[in-house]
Each structure stands twice: as structure tokens, then as C-alpha cells.
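Asks: Sequence:
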Amino acid sequence: MRDVYLPLAEELGCVLLAPCFPAALTADEELHNYVFLRYGDVRFDELLMSMVDEVLAQYEVSPGKFWLAGFSGGAQFAHRFAYLHASRLAGLSLAAPGTITSLSPHQQWFTGVKGVQSILGIDIDWVGLRALKVHVAVGANDTRPEVTIPPSSPLFCPGINDSGGTRVARAIRLHELLIDAGIESHLDIVPNADHVPSDLVPAVSEYFRQAFAKAN
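Its first residue numbered 556, the sequence shown is counted upward by one per residue in the working numbering.
Because the hints were derived from the structure by calculation, they are not lab data. All residues carry an ideal CB built from backbone N, CA and C; glycine is no exception. Hints are not guaranteed to be accurate.
[To be verified] Pairwise CB distance ranges (calculated):
no.: 1; residue 1: Pro-746; residue 2: Ala-579; range: 33 to 41 Å
no.: 2; residue 1: Cys-575; residue 2: Pro-709; range: 22 to 30 Å
no.: 3; residue 1: Met-604; residue 2: Lys-769; range: 36 to 44 Å
no.: 4; residue 1: Arg-685; residue 2: Leu-611; range: 20 to 28 Å
no.: 5; residue 1: Pro-705; residue 2: Asn-747; range: 37 to 45 Å
Let the hints inform the model, and build the full structure from the sequences given.
Replies: Structure representation (C-alpha cells):
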């Protein structure tokens with residue numbers, strides 16, 4: 556993922572950080588548990604912020620907001636991160652997330668945001684979210700039903716599959732949920748694109764290019 560965005564970073568004069576989170580800590584889907592922000596005693600949202608702060612200090616970059624993009628599991632992590640820390644973000648791009656979290660206070664975290672304060676010790680950053688411009692992208696051909704979580708999975712919980720049976724359906728639903736919550740969102744369904752990072756790079760890059768130009 557780092558290499559495909561290097562040309563954009565060089566074009567915009569940005570520092571590019573591709574975080575590598577700890578994995579294989581235990582068992583049962585541990586390679587993907589970063590997407591829910593916490594696994595055991597590990598808080599992946601806090602890890603990301605500490606990585607950003609380390610880069611700022613190491614390269615003497617002025618502190619400020621940063622841009623966040625994620626693909627697939629990375630997009631799952633990124634939108635949940637934004638729910639809690641939107642005030643840290645200048646922009647957010649979510650490409651082809653497999654499972655999504657709504658902003659419903661009636662659904663338990665992580666299908667909704669009920670109980671997030673007691674679970675993670677932090678509440679939803681509504682002020683930051685409503686100041687954030689979000690980009691949601693998905694390939695038009697990303698229609699395999701592999702995102703459906705079966706009841707036998709350790710990730711299964713009530714409502715986990717309610718947002719649709721494909722990544723296209725779930726991206727559309729996430730976009731709708733953001734709009735309904737008063738958050739600015741733009742949806743790109745990319746023609747002839749599948750669940751391949753490089754297929755979505757042009758759409759994500761164009762979002763950041765335009766957003767960066769407006770911010771500067």
C-alpha cells in the first residue's frame with residue numbers, strides 16, 4: 556500500500572506513513588482484530604496516534620491534523636478510528652470496507668456505537684465528524700459474498716450482516732449512514748474495479764488531491 560501512494564505523496568509534498576500493527580498475538584482471527592480498534596490490552600487507535608506523533612517528532616513536521624486512508628480491513632479500522640478521533644483528521648478515505656459500524660446508539664459496539672464509552676473509554680467525536688469530509692470508494696465488480704460473517708465465526712454478532720451481502724452494498728450503506736448522521740460523504744463506485752487496491756488508487760488519489768488543494 557505504501558508504494559502505490561508514493562507518487563501522490565511526492566506530488567503533494569506529504570509525509571507518507573504506512574503503519575504496521577502487531578499481529579499473531581493469540582488466535583482466532585487475530586490478524587484482523589486491529590479493525591475493531593482493540594484486541595485484548597492492545598489499542599490500535601492509540602498505536603496509530605503514537606506512530607503519527609513519532610513521525611512528527613522524528614522529521615520535525617509541524618503538529619496538526621493528518622489524512623487517513625484505508626483499504627478493506629484498513630477501511631474498517633479507519634472509519635471506526637474516525638468515529639472516536641475525527642478531530643485529529645484532515646480527511647478520510649474508506650475503500651471497500653468488509654464490515655461497517657453504524658452510528659446508531661441502539662446497536663451495541665461494533666455494529667453500532669452503543670456502549671463505546673464503557674468499552675473503549677472514549678465517546679463518539681461528533682463535532683469532529685461533522686467537520687470531516689469523507690470519501691467512500693468501492694469497485695463495481697466487488698460483489699462476492701465473502702464479507703458475510705457466519706454464525707460460527709468469533710466475529711459474529713447480531714446485526715453484523717445487516718448492511719448487505721457484498722462490499723458494494725456495504726459501501727453504499729456506509730455512505731448513507733454517514734449522510735444520515737449529518738457527515739459530509741462522497742461515494743465513488745469505480746467501474747471495472749474489483750477488490751484490488753490498485754483498482755481504487757486513482758479514485759482515492761483524486762479525492763486527496765482535491766481535498767488537499769482546498770485545504771491549502
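Asks: Next, verify each hint and record whether it holds.
Replies: Hint check:
Restraint check, Pro-746 to Ala-579: a C-beta distance of roughly 37 Å satisfies the suggested window 33 to 41 Å. As the Cβ distance of Cys-575 to Pro-709 is approximately 23 Å, the hint placing it in 22 to 30 Å holds. The beta-carbon spacing between Met-604 and Lys-769, approximately 24 Å, falls outside the hinted interval of 36 to 44 Å. The supplied range of 20 to 28 Å is met by Arg-685 and Leu-611, whose beta-carbon atoms lie about 26 Å from each other.
For Pro-705 paired with Asn-747, a C-beta distance near 30 Å fails the hint of 37 to 45 Å.
Checked against the numbered hints above, the structure breaks hints 3, 5 and satisfies the rest.
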